[in-house]
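> In case you want the letters, here they are:
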Amino acid sequence: MPDLSNSSFIPKQGPTKKRRGQATRQVYVFTIISYVMIFSTLLAVGGVYFYSEYIERQRDNEIAALDAAINSYSESDMQKVLEFDHRLNQASSRLSNSASIVSVLESLEDAVIETVQIESLEMTRQGDELFDLSAKIKTDSFDSTMFQRGVLQRGKPTIETVVLSDLHRQTVNNEESATKETTVSFLAKITVPLSVVPNLAGASVAEETPQPITITVDDSETPTLNAVEEIKDPGDETVIYEATASINSDDI
Amino acid sequence: MIPKGLFTQIAMVIVSVAIIITYVKPTFTQIGEVQDEIGVYRSEREDKVGVVIDKLEVLISKLNSVSVEDERRLRAYLPEKIDDIAVLRDLILITEAAGVEYIDSSYVGNVTQDRGRQSRGASNVTVSESLNQPKPHQLSLSVEGTYNQLKNLFLLLEKNKYPLEVHALSISAKEGGFLSATMSLVTYEYQAPITDNTLSYE
Numbered sequence: 001m002p003d004l005s006n007s008s009f010i011p012k013q014g015p016t017k018k019r020r021g022q023a024t025r026q027v028y029v030f031t032i033i034s035y036v037m038i039f040s041t042l043l044a045v046g047g048v049y050f051y052s053e054y055i056e057r058q059r060d061n062e063i064a065a066l067d068a069a070i071n072s073y074s075e076s077d078m079q080k081v082l083e084f085d086h087r088l089n090q091a092s093s094r095l096s097n098s099a100s101i102v103s104v105l106e107s108l109e110d111a112v113i114e115t116v117q118i119e120s121l122e123m124t125r126q127g128d129e130l131f132d133l134s135a136k137i138k139t140d141s142f143d144s145t146m147f148q149r150g151v152l153q154r155g156k157p158t159i160e161t162v163v164l165s166d167l168h169r170q171t172v173n174n175e176e177s178a179t180k181e182t183t184v185s186f187l188a189k190i191t192v193p194l195s196v197v198p199n200l201a202g203a204s205v206a207e208e209t210p211q212p213i214t215i216t217v218d219d220s221e222t223p224t225l226n227a228v229e230e231i232k233d234p235g236d237e238t239v240i241y242e243a244t245a246s247i248n249s250d251d252i
Numbered sequence: 001m002i003p004k005g006l007f008t009q010i011a012m013v014i015v016s017v018a019i020i021i022t023y024v025k026p027t028f029t030q031i032g033e034v035q036d037e038i039g040v041y042r043s044e045r046e047d048k049v050g051v052v053i054d055k056l057e058v059l060i061s062k063l064n065s066v067s068v069e070d071e072r073r074l075r076a077y078l079p080e081k082i083d084d085i086a087v088l089r090d091l092i093l094i095t096e097a098a099g100v101e102y103i104d105s106s107y108v109g110n111v112t113q114d115r116g117r118q119s120r121g122a123s124n125v126t127v128s129e130s131l132n133q134p135k136p137h138q139l140s141l142s143v144e145g146t147y148n149q150l151k152n153l154f155l156l157l158e159k160n161k162y163p164l165e166v167h168a169l170s171i172s173a174k175e176g177g178f179l180s181a182t183m184s185l186v187t188y189e190y191q192a193p194i195t196d197n198t199l200s201y202e
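Chains A and B, in that order, are what the protein sequence lines are. When we follow my numbering, the leftmost residue of the first sequence carries the number 1, and every step to the right adds one. When we follow my numbering, the leftmost residue of the second sequence carries the number 1, and every step to the right adds one.
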């Protein structure tokens with residue numbers, strides 16, 4: 001029997017091994033994106049979770065520190081400071097508005113001429129602003145009156161304003177000397193600002209003893225405010241009157 | 001036919017976006033708020049509470065540095081309450097020290113707090129312009145003496161350990177070279193502020 005296997009005109013291929021081609025794996029951009037997204041998301045979740053825990057702990061610590069700081073505030077200490085502060089301010093306010101009557105009287109002494117007599121003096125303090133003085137003055141002539149007015153008007157800044165009123169001229173018979181005496185009386189209203197009145201208390205404390213003052217005299221027997229005398233030493237009893245000049249208002 | 005892997009990748013993207021929207025973004029917002037709160041608490045602690053406490057400590061140390069003697073003088077200058085008997089006794093001692101003849105003295109009373117000026121009795125007494133001023137008390141004193149004795153009296157009144165302000169004075173001539181003086185004196189007592197919880201720092 002003929003071999004039919006070779007009768008075909010189609011060439012036969014020998015039993016050679018078919019070489020298998022290498023498999024190529026295709027990686028798509030979308031695949032990369034999706035993986036990157038999922039892993040970064042998971043990473044972000046973890047990071048955010050731990051960071052939020054950390055930040056909340058930090059907030060709790062801050063709250064605790066704030067509470068501790070608030071609790072360390074002492075209300076009683078603050079009240080003590082405030083009380084001292086107010087007391088010091090009030091004392092300072094009175095000290096700064098204190099005015100010496102002695103200074104006012106000495107200013108008046110400087111402004112009074114020799115030929116006049118002050119018969120009476122009224123003085124009123126108007127708040128912490130000024131002293132209103134009303135002096136009943138007697139002199140011998142209108143010339144003296146005009147001269148006195150000029151001296152008072154030139155007494156600035158101590159004497160702020162001067163107003164003379166109730167001017168009277170009287171002639172009286174002096175029986176002893178058998179002569180006629182002429183007197184001119186008037187009322188002088190003077191204002192003295194407190195700001196220009198120095199307080200002598202502090203200076204006097206340093207001096208220990210007041211200095212004697214001599215003032216020009218009027219010969220008249222009528223008591224006047226400018227009579228001659230020396231200020232006496234206050235003596236040992238002044239121990240109880242201590243000055244407060246050492247209070248330091250700048251401390252607080 | 002769509003491969004199975006593509007579905008998985010799409011699902012991963014969707015899940016990622018969902019996680020970001022539902023957890024990561026709100027948590028970030030929350031973290032921002034917490035950080036703001038931390039900033040507020042920290043500034044409160046450091047800038048406000050801390051400053052107050054530091055100032056208070058400084059003030060307390062200053063307060064403690066004031067000597068006992070100065071504090072005693074301050075309290076004597078502005079006492080909690082006016083002891084009218086003690087003040088009148090002091091007035092008599094002052095008149096004796098000045099060498100004037102004591103005639104009369106009396107405690108008129110405390111002047112009602114009011115804004116501006118207020119008159120009581122014969123004299124105008126200035127009262128505190130503000131509520132945070134010391135409370136004034138008025139006294140009257142009548143003496144006789146020479147001019148320089150009166151000046152000495154005023155000098156001693158000014159040197160007193162508490163204020164004795166002359167708010168009204170009337171001097172008239174008497175016989176024998178003497179002068180008669182009637183005066184209205186004002187002294188003060190400490191008055192705690194009515195409503196003031198603030199402390200000014202300069």
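Be aware that a few hints might be false.
Below, simulated BS3-like cross-link-like pairs (lysine-lysine); rule was C-alpha separation at most 30 Å, straight line [said to hold, decoys possible]:
1. B:K48 <-> B:K25
2. A:K156 <-> A:K180
3. B:K62 <-> B:K161
4. A:K80 <-> B:K161
5. A:K80 <-> B:K81
6. B:K48 <-> A:K136
7. A:K80 <-> B:K174
8. A:K80 <-> B:K48
9. A:K136 <-> A:K180
10. A:K156 <-> A:K136
11. B:K25 <-> A:K80
12. A:K189 <-> B:K55
13. A:K180 <-> B:K161
14. B:K62 <-> A:K80
15. B:K135 <-> B:K174
16. B:K174 <-> A:K138
Some chain B residues near chain A, calculated using beta-carbon distances under 8 Å [said to hold, decoys possible]:
17. I31
18. V34
19. E37
20. I53
21. I60
22. E158
No wet-lab data here; the hints were simulated from the structure. All residues carry an ideal CB built from backbone N, CA and C; glycine is no exception.
> Now tell me, hint by hint, if it's right for this structure.
Hints versus structure:
1. For the hint linking B:K48 to B:K25, the alpha-carbon distance of about 33 Å lies beyond 30 Å, and the restraint is violated.
2. Taking the CA atoms of A:K156 and A:K180, the gap is about 37 Å. The hint is violated against a cut of 30 Å.
3. Of the supplied pair hints, the one linking B:K62 and B:K161 holds, its CA atoms being roughly 24 Å apart against a limit of 30 Å.
4. With a CA separation close to 23 Å, the supplied pair A:K80 and B:K161 stays within the 30 Å bound.
5. Restraint check: the Cα-Cα separation between A:K80 and B:K81 comes to about 18 Å, which is no more than 30 Å; the hinted pair holds.
6. Distance hint between B:K48 and A:K136 is unfulfilled; the C-alpha atoms sit about 63 Å from each other, more than 30 Å.
7. The hinted pair formed by A:K80 and B:K174 fails the criterion: a straight-line CA distance of about 52 Å is larger than 30 Å.
8. This hinted pair checks out: A:K80 and B:K48 have alpha carbons roughly 20 Å apart, not beyond 30 Å.
9. Between A:K136 and A:K180, the direct Cα distance comes to roughly 22 Å. Compliance with the 30 Å bound is thereby established for this hinted pair.
10. Between A:K156 and A:K136 the alpha-carbon distance is near 21 Å, which keeps this suggested pair within the 30 Å criterion.
11. Distance restraint check for B:K25 and A:K80: the Cα-Cα separation of roughly 52 Å exceeds the 30 Å cut-off, and the hinted pair is therefore not satisfied.
12. For the suggested pair A:K189 and B:K55, the alpha carbons sit about 52 Å apart, so the restraint of at most 30 Å is broken.
13. Distance check on the hinted pair: A:K180 and B:K161 sit about 53 Å apart at the alpha-carbon level, beyond 30 Å; violated.
14. The hinted pair formed by B:K62 and A:K80 meets the criterion: a straight-line CA distance of about 12 Å does not exceed 30 Å.
15. Among the hinted pairs, B:K135 with B:K174 is inconsistent with the structure: their alpha-carbon atoms are about 35 Å apart, more than 30 Å.
16. Proposed proximity of B:K174 and A:K138 is supported: the alpha carbons are some 16 Å apart, at most 30 Å.
17. Satisfaction of the interface hint for B:I31 is found here, the shortest Cβ-Cβ separation to chain A being roughly 5 Å, below the 8 Å cut-off.
18. Look at B:V34: its Cβ gets to within about 5 Å of chain A, closer than 8 Å, so that hint holds up.
19. Given hint, B:E37 at the interface with chain A, holds; its Cβ is 6 Å from that chain's nearest Cβ, closer than 8 Å.
20. At about 6 Å, the closest approach between the beta carbon of B:I53 and any beta carbon in chain A falls short of 8 Å, and the interface hint on this residue holds.
21. Contact between B:I60 and chain A, as hinted, is supported at the beta carbon level, the nearest pair being about 5 Å apart and thus within 8 Å.
22. Proximity of B:E158 to chain A holds as hinted, the smallest CB-CB distance being about 4 Å (cut-off 8 Å).
In this structure, the earlier hints numbered 1, 2, 6, 7, 11, 12, 13 and 15 are contradicted, and the remaining ones agree with it.
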